[in-house]
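*Asks:* Chain by chain, the residues run as shown.
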Amino acid sequence: MGLMREFTKGLWKDLAPFRVVLGLCPILAVTKEAETGLGMGIGVIFVLTCSNVIISSIRNIIPRQVRIAGFIVIIASFVTMVELFSQAYFYPIYQKLGIFIPLIVVNCIILGRAEAFASRNGVIASALDGLGIGLGYTMSLVLLGSIREILGAGTIFGVDMMWASFRPFTFMAEAPGAFVSLGLLLGIMNAVSRKS
Amino acid sequence: MKQVIQMAVVLTLICTICGAALSGIRSITAERIVYQRLINVQGPNVEDVLKGSENDLIAERESVEIDGEEILLFVGKKNDRPWAVAYETSAAGFGGELTIMVGYDLEKDKLTGLKIGTNSETAGVGSRVTQDPFTKQFKGLDIDLKFTGGPCPVGVDAISGATVSSMAVSEALKKSVALYPKIKEAVL
Numbered sequence: 001m002g003l004m005r006e007f008t009k010g011l012w013k014d015l016a017p018f019r020v021v022l023g024l025c026p027i028l029a030v031t032k033e034a035e036t037g038l039g040m041g042i043g044v045i046f047v048l049t050c051s052n053v054i055i056s057s058i059r060n061i062i063p064r065q066v067r068i069a070g071f072i073v074i075i076a077s078f079v080t081m082v083e084l085f086s087q088a089y090f091y092p093i094y095q096k097l098g099i100f101i102p103l104i105v106v107n108c109i110i111l112g113r114a115e116a117f118a119s120r121n122g123v124i125a126s127a128l129d130g131l132g133i134g135l136g137y138t139m140s141l142v143l144l145g146s147i148r149e150i151l152g153a154g155t156i157f158g159v160d161m162m163w164a165s166f167r168p169f170t171f172m173a174e175a176p177g178a179f180v181s182l183g184l185l186l187g188i189m190n191a192v193s194r195k196s
Numbered sequence: 001m002k003q004v005i006q007m008a009v010v011l012t013l014i015c016t017i018c019g020a021a022l023s024g025i026r027s028i029t030a031e032r033i034v035y036q037r038l039i040n041v042q043g044p045n046v047e048d049v050l051k052g053s054e055n056d057l058i059a060e061r062e063s064v065e066i067d068g069e070e071i072l073l074f075v076g077k078k079n080d081r082p083w084a085v086a087y088e089t090s091a092a093g094f095g096g097e098l099t100i101m102v103g104y105d106l107e108k109d110k111l112t113g114l115k116i117g118t119n120s121e122t123a124g125v126g127s128r129v130t131q132d133p134f135t136k137q138f139k140g141l142d143i144d145l146k147f148t149g150g151p152c153p154v155g156v157d158a159i160s161g162a163t164v165s166s167m168a169v170s171e172a173l174k175k176s177v178a179l180y181p182k183i184k185e186a187v188l
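Here the protein sequences line up with chains S and V, keeping their order. In terms of the working numbering, the first sequence is residues 1 to 196. In terms of the working numbering, the second sequence is residues 1 to 188.
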């Protein structure tokens, strides 16, 4: 039961972008389409889970004074792996995500989980924590991406969703649309959680 | 003292292991990355500038060495005989390197087309040089380019407000044309 909670907390209670308001920079930038959001999310799940596992398994060896430097090296290595793999196997998504793949290194969710959780807990708990938080982040990216893609282009994952005479609301595909939809979602999330 | 040594040893170990893992993965993926660039960036451009070829342009690519530089050639064939060749050159644009793919008709010594490859021109301004209205002007130009002081050769209108990007295309084209005689010799 305890371990299961480490996984499920990332899906609602500690949902990264909406509840603890972390990782907002990429969520604004890559959610023009649901597909790029999903690609980014999968990258984050991989980096977060792997770095959590490695960091929690070396937590007793690494001296406290140099832990942040060590964590960053490990995180950066996994991010570079994601960059190489996406370039080799998912080139079109790599082209769309561009600079935001290397920028996963400085995504505060990842260093945040390493410092706050993985460096203090066991390997299995850290893996579940990484998976849960990563999955929650991916769902948030896909949700925001879908809303923006439906309103901004009339499609979702590239499939037509709206009636024929639908005029795309291009504002939603641009940067201001990202801020507005993120703000509205944050507001809805807050209202819902206050009620319960 | 013991603590300092421990810190140095642990950090060195972490960095060494990470470095080794990355170089391993890089060597595994390197070949596929080159291939992906080829089919996603260069491929569509080659197909466009060598339209009308009957062979598989990408599969039959070859690389030649000219003046000590390795150049990837795409040779278009009709009735099993080469009729056109395309290759990339680059120049400094406004936001970084700009590459162009230029196709040449080997018989008439004219340009069959020009397409922009990887570039970092300003979106909405310099990036207009990548669009058809600009690039299609190069089709049919003679390899003997004439310049009369403007950023682009005679017969091509530069994009207003994007002089640097237009000039970068011309610079890359000049390099491309300069290589053409040697490349023609290598192909035929």
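Calculated directly from the structure, the hints in this document are not laboratory data. These numbers were taken from a predicted model, which means no experiment stands behind them. C-beta atoms are modelled at their ideal positions from N, C-alpha and C, and glycine is treated no differently. Among the clues, some could well be false.
Said to hold, decoys possible - Below, simulated DSBU-like cross-link-like pairs (lysine-lysine); rule was C-alpha separation at most 35 Å, straight line:
| hint | chain 1 | residue 1 | chain 2 | residue 2 |
| --- | --- | --- | --- | --- |
| 1 | S | 9 | S | 195 |
| 2 | V | 108 | S | 96 |
| 3 | S | 96 | V | 175 |
| 4 | V | 175 | V | 139 |
| 5 | S | 13 | V | 78 |
| 6 | V | 174 | V | 139 |
| 7 | V | 51 | S | 96 |
| 8 | V | 2 | V | 108 |
| 9 | V | 136 | V | 110 |
| 10 | S | 96 | V | 139 |
| 11 | V | 146 | V | 136 |
| 12 | V | 108 | V | 77 |
| 13 | S | 96 | V | 77 |
| 14 | V | 2 | V | 51 |
| 15 | V | 175 | V | 136 |
| 16 | V | 182 | V | 136 |
| 17 | V | 108 | V | 174 |
| 18 | V | 77 | V | 2 |
Claimed, not checked - If you want the footprint, here are the derived chain S segments under chain V, 3+ residues with CB under 8 Å:
| hint | segment |
| --- | --- |
| 19 | 75-82 |
| 20 | 91-99 |
*Asks:* Now tell me if each hint is right for this structure.
*Replies:* For each hint, the structure was consulted:
Simply put, residue 9/S and residue 195/S have alpha-carbon atoms about 19 Å apart, close enough for the 35 Å limit, and the pair holds. A distance of roughly 39 Å separates the Cα atoms of residue 108/V and residue 96/S; the hinted pair therefore is violated under the 35 Å criterion. For the proposed pair residue 96/S and residue 175/V, the alpha carbon gap of about 30 Å is at most 35 Å, so the pair holds. About 17 Å separates the Cα atoms of residue 175/V and residue 139/V, which keeps this hinted pair within 35 Å; it holds.
Taken as a hint, the residue 13/S and residue 78/V pair is broken in the structure, with Cα atoms around 65 Å apart against an allowance of 35 Å. A hinted pair counts as satisfied when its Cα atoms are at most 35 Å apart, and residue 174/V with residue 139/V qualifies at roughly 15 Å. Among the hinted pairs, residue 51/V with residue 96/S is consistent with the structure: their alpha-carbon atoms are about 27 Å apart, no more than 35 Å. A C-alpha spacing of about 77 Å is found between residue 2/V and residue 108/V, which places the hinted pair above 35 Å, so the restraint is violated.
Restraint check for residue 136/V and residue 110/V: the C-alpha separation of about 14 Å stays at or below 35 Å, so the hint holds. With a C-alpha separation of about 29 Å, the suggested pairing of residue 96/S with residue 139/V holds against the 35 Å cut-off. At roughly 18 Å between alpha-carbon atoms, residue 146/V and residue 136/V fall within 35 Å of each other, so this suggested pair holds. Restraint check for residue 108/V and residue 77/V: the C-alpha separation of about 15 Å stays at or below 35 Å, so the hint holds.
Taking the CA atoms of residue 96/S and residue 77/V, the gap is about 34 Å. The hint holds against a cut of 35 Å. In summary, the hint linking residue 2/V to residue 51/V is not supported, as the alpha carbons are separated by about 70 Å, beyond the 35 Å threshold. With a C-alpha separation of about 19 Å, the suggested pair residue 175/V and residue 136/V falls inside the 35 Å cut-off, and the hint holds. Restraint check for residue 182/V and residue 136/V: the C-alpha separation of about 25 Å stays at or below 35 Å, so the hint holds.
About 18 Å separates the Cα atoms of residue 108/V and residue 174/V, which keeps this hinted pair within 35 Å; it holds. For the hint linking residue 77/V to residue 2/V, the alpha-carbon distance of about 71 Å lies beyond 35 Å, and the restraint is violated. Using a Cβ-Cβ cut-off of 8 Å, 4 residues of the segment 75-82 of chain S lie near chain V, which meets the minimum of three, so the contact claim holds. With 3 residues having a beta carbon nearer than 8 Å to a beta carbon of chain V, the segment 91-99 of chain S meets the requirement of three or more and the stated coverage holds.
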